[in-house]
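Work the whole structure out from these sequences, hints included.
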Amino acid sequence: NAGVMQNPRHLVRRRGQEARLRCSPMKGHSHVYWYRQLPEEGLKFMVYLQKENIIDESGMPKERFSAEFPKEGPSILRIQQVVRGDSAAYFCASSPARAGAGDTQYFGPGTRLTVL
Amino acid sequence: RKEVEQDPGPFNVPEGATVAFNCTYSNSASQSFFWYRQDCRKEPKLLMSVYSSGNEDGRFTAQLNRASQYISLLIRDSKLSDSATYLCVVNNRGSQGNLIFGKGTKLSVKP
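Chains as they are written, first to last, in this note's numbering: chain A, -14 to 101; chain B, 549 to 659.
Treat the hints loosely; a few may be bogus.
[What the hints assert, rightly or not] Which residues of chain A face chain B? A few of them, derived with a C-beta cut under 8 Å, are:
#, residue
1, 41
2, 46
3, 50
4, 53
5, 89
To be clear, the hints were calculated from the coordinates, so they are not data collected in a lab.
Predicted model only: the values in this text are computed from it and were never measured.
Even glycine gets a Cβ: it sits at the ideal position worked out from N, Cα and C.
Shown next, in the form of structure tokens:
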């Protein structure tokens, strides 16, 4: 059973470009969470999605950031017009859909975004 | 006050030592508690959930004190491979909610 998959693992962008980060949850999981970890900081929640729905985006910056989890395919975190402060590790996590399965979240290996 | 606070360390201990990490959380309505481990430049990995009755997994023991809003992790007979950052994590919404992470406590086990 493959774990949570993220790609690319490393992404370099120049200021003003767009960054697209992809996340495929574990098999059987339909809840996806995105977290950001700035250098020397803890992980911060960004957004929680289920298939075709954004459940909680309270941690997402209001400008330039968006996320989706379509019916088919991976979840996408999109950052438009990147700035140097967006350089960070972006982790995706997934959890099961079935009731009573608990709230354990399993993390992907992360995408390390560097903005030049 | 931060939602989840931990001593950042680093804790430098010899092999075989017993080491304890502490964590406090600010939201008395928090429902679920975890310790995760994060190796350098890797993703967090679940070490153990924390229950009110306390729980043990091999050399690792976790305790929760809801009245004091305090969580602890005890590692006995520490190994070189235990060197990592230990993250105290709280979920305020029970099932299927976002996790709130402490900044982590760094442990370095020396031979």
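A quick look at each hint next to the structure:
no.	hint	in the structure
1	41	6 Å, holds
2	46	15 Å, violated
3	50	15 Å, violated
4	53	17 Å, violated
5	89	6 Å, holds
When each numbered hint is compared with the structure, violations occur for hints 2, 3 and 4.
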